[in-house]
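The chain contents come next:
2 protein chains.
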Amino acid sequence: MVTCTGPVNIAVIKYWGKRDEDLILPINSSLSVTLHQDQLKTTTTIACSRNFQQDRIWLNGKEEDISNPRLQSCLQEIRRFARKRRNTGGSTSDVSSVSHKVHICSVNNFPTAAGLASSASGYACLVYTLSQLFGVESEQLSAVARQGSGSACRSLYGGFVQWKLGERSDGKDSLAEQVGSESHWPELRVLVLVVSAEQKSVGSTSGMHTSVGTSQLLKYRADVVVPSRMEEMIRVIRQRDFPAFGELTMKDSNQFHAICLDTYPPIFYLNNISHRIISLVHRYNQYYGETRVAYTFDAGPNAVIYTLEDHLPEFVQVVRHFFPPEVNGAEFVKGLPVCSTELSEDLKRNINMEPTPKGIHYIISTKAGPGPCVVKDPNHHLLGADGLPKKSAISD
Amino acid sequence: MVTCTGPVNIAVIKYWGKRDEDLILPINSSLSVTLHQDQLKTTTTIACSRNFQQDRIWLNGKEEDISNPRLQSCLQEIRRFARKRRNTGGSTSDVSSVSHKVHICSVNNFPTAAGLASSASGYACLVYTLSQLFGVESEQLSAVARQGSGSACRSLYGGFVQWKLGERSDGKDSLAEQVGSESHWPELRVLVLVVSAEQKSVGSTSGMHTSVGTSQLLKYRADVVVPSRMEEMIRVIRQRDFPAFGELTMKDSNQFHAICLDTYPPIFYLNNISHRIISLVHRYNQYYGETRVAYTFDAGPNAVIYTLEDHLPEFVQVVRHFFPPEVNGAEFVKGLPVCSTELSEDLKRNINMEPTPKGIHYIISTKAGPGPCVVKDPNHHLLGADGLPKKSAISD
Chain A
1 MVTCTGPVNI AVIKYWGKRD EDLILPINSS LSVTLHQDQL KTTTTIACSR
51 NFQQDRIWLN GKEEDISNPR LQSCLQEIRR FARKRRNTGG STSDVSSVSH
101 KVHICSVNNF PTAAGLASSA SGYACLVYTL SQLFGVESEQ LSAVARQGSG
151 SACRSLYGGF VQWKLGERSD GKDSLAEQVG SESHWPELRV LVLVVSAEQK
201 SVGSTSGMHT SVGTSQLLKY RADVVVPSRM EEMIRVIRQR DFPAFGELTM
251 KDSNQFHAIC LDTYPPIFYL NNISHRIISL VHRYNQYYGE TRVAYTFDAG
301 PNAVIYTLED HLPEFVQVVR HFFPPEVNGA EFVKGLPVCS TELSEDLKRN
351 INMEPTPKGI HYIISTKAGP GPCVVKDPNH HLLGADGLPK KSAISD
Chain B
1 MVTCTGPVNI AVIKYWGKRD EDLILPINSS LSVTLHQDQL KTTTTIACSR
51 NFQQDRIWLN GKEEDISNPR LQSCLQEIRR FARKRRNTGG STSDVSSVSH
101 KVHICSVNNF PTAAGLASSA SGYACLVYTL SQLFGVESEQ LSAVARQGSG
151 SACRSLYGGF VQWKLGERSD GKDSLAEQVG SESHWPELRV LVLVVSAEQK
201 SVGSTSGMHT SVGTSQLLKY RADVVVPSRM EEMIRVIRQR DFPAFGELTM
251 KDSNQFHAIC LDTYPPIFYL NNISHRIISL VHRYNQYYGE TRVAYTFDAG
301 PNAVIYTLED HLPEFVQVVR HFFPPEVNGA EFVKGLPVCS TELSEDLKRN
351 INMEPTPKGI HYIISTKAGP GPCVVKDPNH HLLGADGLPK KSAISD
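Going down the list, the protein sequences come from chains A and B. Okay, so the first sequence: first residue is 1 according to the UniProt record's numbering, each after it adds one. Okay, so the second sequence: first residue is 1 according to the UniProt record's numbering, each after it adds one.
Treat the hints with care, since some could be wrong.
It does not matter which identical chain is meant; a pair holds if it fits inside one copy or across any two.
To be verified - Below, simulated DSBU-like cross-link-like pairs (lysine-lysine); rule was C-alpha separation at most 30 Å, straight line:
hint	residue 1	residue 2
1	K101	K84
2	K18	K376
3	K334	K164
4	K219	K334
5	K376	K348
6	K164	K219
7	K62	K390
8	K348	K358
9	K164	K18
10	K391	K101
Simulated from the structure, these hints should not be mistaken for lab results. As the structure is a prediction and not an experimental result, all values here were calculated from the model.
All chains, please: the whole structure from these sequences, using the hints.
Spelled out as structure tokens, the structure:
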């Protein structure tokens, strides 16, 4: 039995559109920041035993259908790797385990309402835990996670991670690769602004499928715009150039949502609160005459903010001022502590926006973090000795 | 003294972006439907007299600065044409008038709150009235109106009008041209859904300037997407193929708003109500398995709906059902009468949307109409014998 944790990642160059739906091969490369697992993580325990009758999976305390094709892809691929290693004598672990059935138990420490795609951390953690269980070591692990959920491949590494689209039709070169470790840019900080969604949005799988089929602009984005943006993004991350990093991040988020609008029928992930957050960020940067804060939005209305630690307290106070919260203090800002500060009247006057009470539910304050980790303490296993979820795994 | 009226037009292939800011030359061709002046019009009276000391202009009852550069462009261009005709002996009217100062009085019969760009009908009517006053007849008139406001050139013709971008740097071939007259497609009907705007949007002049400077997708739209869409749009209008016309109209509206989002900082013209109207139209069409209704949005949240007269009563009732109005009957639906009808429970159930009370203020019901017209009845002059606005011109 092995337990591991896996991180969430937030793209700054967005993945949108597949060239192969089965292998989950993208039409463009993408790049993300892996978030710290102290704030946001998936924990997965996997046990295998000759006594298990079938593969089973429990997600957040509820048993789910193991026959899900993406889940099956990951299981099959890892078992294939494990058998290959066993046959070549390269495995260091119990070589018989690969033929046993597995029980998988996985929980997220963040609510679905946070609007953070749990499929990335979920599949990354699943694949990493399976690899530990079966003693598989491979640079191809991210290709396995990719077949669970595209962006999951990026969650196999910490820090700054690119997913190269690759050229091969079998997807073997469509892999994640670290661009900078989690300690590369220690001043970089991340805020997740959790917005109230009025209605359920179109899921990203069907959304990107429709975009590929209908958006004329998407092809140009993938073929022409993204390749040069990837190069620039890697350069500005290496240089820790926040203004350039922030501006490119915002532009790429906006272009992704533009593609959604150019889709037919159009897809809207941003709502009026998202628009106001965008407006607030631009007015804040405008006031200082430089990009101090950047937003990015995925397939939902929640904003993820990148900034540097020096500017964090003031910007959090700006958010608190223009989106007066329902709850205060630590209830509003969860995660890494943020010093309190006062806003100048001049700043408030220059931003010149009507406050939107309760527009933002709460903030999660975090930073870049490492890739998946093995949890040594057996007390943290989510499965009991009987191979069934512990009670604590249901309410965690 | 001459009085004329001029129409509003609503683009179905959008104009967004100039290649020459002074001459107002666009980066792509565009195409619009001229709306009927029984519902929406600008009325302009222009007098000239040796006794006037200077050119003066009154807009909606208020004197405005005549030195506005775009106004000056139009006045100078028309006077240049008039002098040319006088010198070549081609003018049929009083040839001395061209050296006199003019008094211009102009009113719109629609409130600014309707969100219909009044600059198109305003400049088209101004240029047409000046041409009547000075006896100028020219195919270049639309090039003069274009220098007041780009889309004004399309309001010089009735029915279906394209504005060809042209190739010359002096703009002489950047002209409007009729594709089909106002009687070409009598079943086509138009609804303006007036939505409450929460905040003032970015003006279209500065918006398109920023788009040209920052949107990577705009160049591709202008160079690659629009040329083929123009051809297709002209073809489907000639064939009166509503499903194809409607789908292309919606796609081009969405792409224009996608470009606004790809602009940096991004521009949002659509609000949550606009999103809901878009959603309602797609669900309505989905129910019937064909495109019966199409939306288009300009630089604001108001929707303009194209449909055929057979489907008009039901769709108006659908709007009334899902956007329960504050006022009823003729207060809610202004303009051309719309028969009342009942909705089937099946339709309502299938559309499956939460109603949004008061989301739409009112509807203007209209259709395609003719280009600018001369008003013969001197009682309709907006200027009195003294060359100053009549009292009625202020409150019209």
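Okay, the hints, checked on the actual structure:
no.: 1; hint: K101 with K84; result: within (18 Å within a copy, 92 Å between copies)
no.: 2; hint: K18 with K376; result: neither (37 Å within a copy, 63 Å between copies)
no.: 3; hint: K334 with K164; result: neither (33 Å within a copy, 56 Å between copies)
no.: 4; hint: K219 with K334; result: neither (39 Å within a copy, 43 Å between copies)
no.: 5; hint: K376 with K348; result: neither (49 Å within a copy, 57 Å between copies)
no.: 6; hint: K164 with K219; result: both (17 Å within a copy, 26 Å between copies)
no.: 7; hint: K62 with K390; result: within (12 Å within a copy, 77 Å between copies)
no.: 8; hint: K348 with K358; result: within (18 Å within a copy, 32 Å between copies)
no.: 9; hint: K164 with K18; result: within (13 Å within a copy, 37 Å between copies)
no.: 10; hint: K391 with K101; result: within (22 Å within a copy, 90 Å between copies)
The earlier numbered hints that this structure contradicts are 2, 3, 4 and 5.
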